[in-house]
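Peer 1: Listed below, chain by chain, are the residues.
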Amino acid sequence: MTRWGMVIDLDRCTGCGSCMAACHQENNLAAVGPEESSRDRAFHWLRVLPEVSGSGAEVKVRYVPQPCVQCDDPPCVRVCPVHATYLGEEGIVAQIYSRCIGCRYCMAACPYNAKVFNWYEPEWPGDLKQGTNPDVSLRPKGVVEKCTFCHHRVVKAREEARAAGREIRDGDVTPACAESCPARAIEFGDLEDPTSRVSELTRSPRAFRLHADLGTRPKVYYLAERD
Amino acid sequence: MSSGPVRVALLGVLLLIVTGVAFSLLDRPIEQPIAFNHRLHVEDLGSDCTDCHLYAMTGVRATIPNVEVCADCHAEAQTDSEEEALLVAYIASGEPIPWRKLYWVPDHVYFSHRRHTAIGGIECETCHGPMGEASEPVPRPFVKVTMNGCMECHEQTGTSNDCLLCHK
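Those protein sequences? They're chains C and G, same order as listed. Numbering-wise, the numbering used here puts 13 at position 13 of the first sequence, and it's gapless, one number per residue. Numbering-wise, the numbering used here puts 47 at position 47 of the second sequence, and it's gapless, one number per residue.
Bound conformation, chain G alone (with noise of 0.2 angstroms):
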């Protein structure tokens, strides 16, 4: 039977790991199904964020195109790239690609892309930071989504706080 000092130490040395797993498990980066290159689409060639993410100035959700918005102009290999040659592949199944979302926010928060894009006239980087700079998969948001940046927001901008225009 240990003693206990060496009891409390043990547990908090438990302690340290359960939490220190938990962390790792929360904070685990991001892998998409395809290495997208944001910045090739947006510096490079020209595309504007709304040409694929096509709600994003008119619906709630901007939306993550699929293969649809994809074929567009990638139904046939435009290069020899091997992750161009999966997105081929995932159009030619007509399978769905598996995107993972980045930004989101819980069910009880309303957020509309319209009335912070076409009416607020915020522009994308804002909350999404510099997307159209990375040249592969952000494993992480560049901006974290908080209540408190949200208001932060609001407040600079005179847009009212009152709690009922965004949560549900």
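With the rest of the complex left out, here is chain C (with noise of 0.2 angstroms):
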């Protein structure tokens, strides 16, 4: 069975910030203005991280993209009460929405911080509801929501493939932040095929894996910068 995984090389990511800005346009993210942001309400599935170290002459700069990084032993799966978020059987981690009762316990558990509480009714004004993927739902207020490595995509794919008469394969998918890098730093496909790329960069001497030590087995991998 496939399991994806997604690797991000730190050396190509320019912090350009357009896979965030893909993530938002593709699964219908609430845009949320200076105001709500300063109450920490900011809104974001996928977000760069800006790492600096050094000083002065010597400062250095990383952008440090971060999805939910899809733990294989997610510690939100384990104490959301209402079974609202699950490990799927192809390694994404999921977020019913329809069962979420917004508690965030979820939030609390996650290390990442990969979690976001939508504190927004789903409106967008005019005509621009007209413009939201109709492949993810529009939440309602009050749940909890994630990264889901654009499994929509996943499904479609699938799909695809079925009417081609064959299984789905690594290279059928491509989420929405992948697709949209002009840097090509990020890559996604399946960790089960030892020949795939993604599995081919795991096994490079620069992948690490953030908070390894935690045991949460993340199936998102990152290349360290070169020296």
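Since the hints were made in silico from the structure, they are not lab data. Just so you know, not all the hints are guaranteed correct.
Derived contacts from chain C toward chain G, CB cut-off under 8 angstroms, selection only [to be verified]: (1) G88; (2) A94; (3) Y97; (4) D135; (5) V136; (6) S137; (7) H151; (8) H152.
In silico contact screen, one side only, chain G against chain C (beta carbon under 8 angstroms); selected entries [as the list claims (entries may be wrong)]: (9) Y110; (10) R114; (11) D162; (12) C163.
Glycine residues also receive a C-beta, built at the ideal position from the N, C-alpha and C atoms.
Reassemble the complex: the two chains are provided individually, in unrelated frames, and hints are given to aid placement.
Peer 2: See the structure below:
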């Protein structure tokens, strides 16, 4: 069975933010202004986090795009009282909005701060609602949301593959963030397939995972910068 | 001032009325702008569902036909039926026919016709009932669309019931 994973090359990421913009557009995320942001209600399924080291002439900045890292042992799943979040068959940590009661236990349990609480009614001004993606639901106010590796694209790709008389395979799916990245810093594919590009990259000496010591076994790998 | 038991009884009656009204509003029969005769088209004239519901085998939505589709056969009246005259008027005006949907799934559900029909090999009647035999508009769906119904069928056919397959 396919096991979806992602590899993000920090050498390639320029911090341009196009992945965040693409994620917003693809997943019908509410656009939040400065006022709401200042109340800690900014709303992203994928964040590009700047990390600054050194100072003066030696200052160095690297950008770390951070989606949900899709743990194989996700702490958020253990604490959900209503089974609204669970580890799917292909390794994607699902969030079923119609089950979620908005208790936010999962947000507290996630060591990666990958989940966000939806403070907003699914309302768009004027005709902008026509521009929402019909493959992604318009979540109601009061539920917890997260990156799902664009699982709706997985569903569509599987349908295309079956219509063509085969099973889904590596290379059939590209999440919106990877698709939009001008530096091609994000690779996505099947970790079970040892010949896939992502599998190959995870074997790189530069590969590491965030908070690997926690034992959550994320399926998002990073490639550290070369010196 | 009425006594306690009377008040409780009055409240009970009020609650019953409100519940009754709510249920009747929820379960109102669906009326269509034209009394379309499925039986005439399917059984008598031998049309296939996909002749009008163009994307039932190839798309996410089967789609309800609009004037362009109807105009293929009805740009001019074929009979002296009053209902057909209504249709011809819609076609002449170019206005969309305000058909009302009988079957729908909520926004948080992804349902693709293609993966059930062309890929899964399920007949239209399995989910839609004997629509082809109806000689006048059906006021309520033949088959109630419920998650339990979907899951039972998935279980019987050995299809995964992973929430992510259908919930978006």
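Peer 1: Verify the interface restraint on H152/C: the C-beta must sit less than 8 angstroms from at least one C-beta of chain G.
Peer 2: 5 angstroms, holds
Peer 1: Given a cut of 8 angstroms on the nearest C-beta pair, is the interface hint for G88/C held or broken against chain G?
Peer 2: 5 angstroms, holds
Peer 1: Grab the minimum C-beta distance from S137/C to chain G and call the hint holds if it beats 8 angstroms, violated otherwise.
Peer 2: Cβ of S137/C sits 4 angstroms from chain G, so the hint holds.
Peer 1: Against chain G, with CB atoms and a cut of 8 angstroms, does the hint on V136/C hold up?
Peer 2: Hint holds; V136/C Cβ to chain G Cβ min 6 angstroms, cut 8 angstroms.
Peer 1: Given A94/C as an interface hint, is its Cβ closer than 8 angstroms to any Cβ of chain G?
Peer 2: 5 angstroms, holds
Peer 1: Given C163/G was flagged as interface, is its beta-carbon under 8 angstroms from a beta-carbon of chain C?
Peer 2: Holds - the Cβ of C163/G comes within 8 angstroms of chain C, reaching about 5 angstroms at its closest.
Peer 1: Report holds or violated for the interface hint on H151/C, using the least CB-CB distance to chain G and a cut-off of 8 angstroms.
Peer 2: Status holds, d = 5 angstroms.
Peer 1: Do the numbers back the hint for Y97/C, that is, is its least Cβ distance to chain G under 8 angstroms?
Peer 2: Holds, about 6 angstroms.
Peer 1: Given Y110/G as an interface hint, is its Cβ closer than 8 angstroms to any Cβ of chain C?
Peer 2: Since the shortest Cβ distance to chain C is 6 angstroms, the answer is holds.
Peer 1: Does the closest beta carbon of chain G sit nearer than 8 angstroms to the beta carbon of D135/C?
Peer 2: Since chain G brings a Cβ to about 6 angstroms from D135/C, closer than 8 angstroms, the hint holds.
Peer 1: Does D162/G pass the interface hint, meaning its C-beta sits closer than 8 angstroms to a C-beta of chain C?
Peer 2: 5 angstroms, holds
Peer 1: Quick check on R114/G please, does its C-beta sit within 8 angstroms of some C-beta on chain C?
Peer 2: For R114/G, the interface hint holds, since the closest Cβ of chain C sits about 6 angstroms away, which is under 8 angstroms.
In summary, this structure violates none of the numbered hints.
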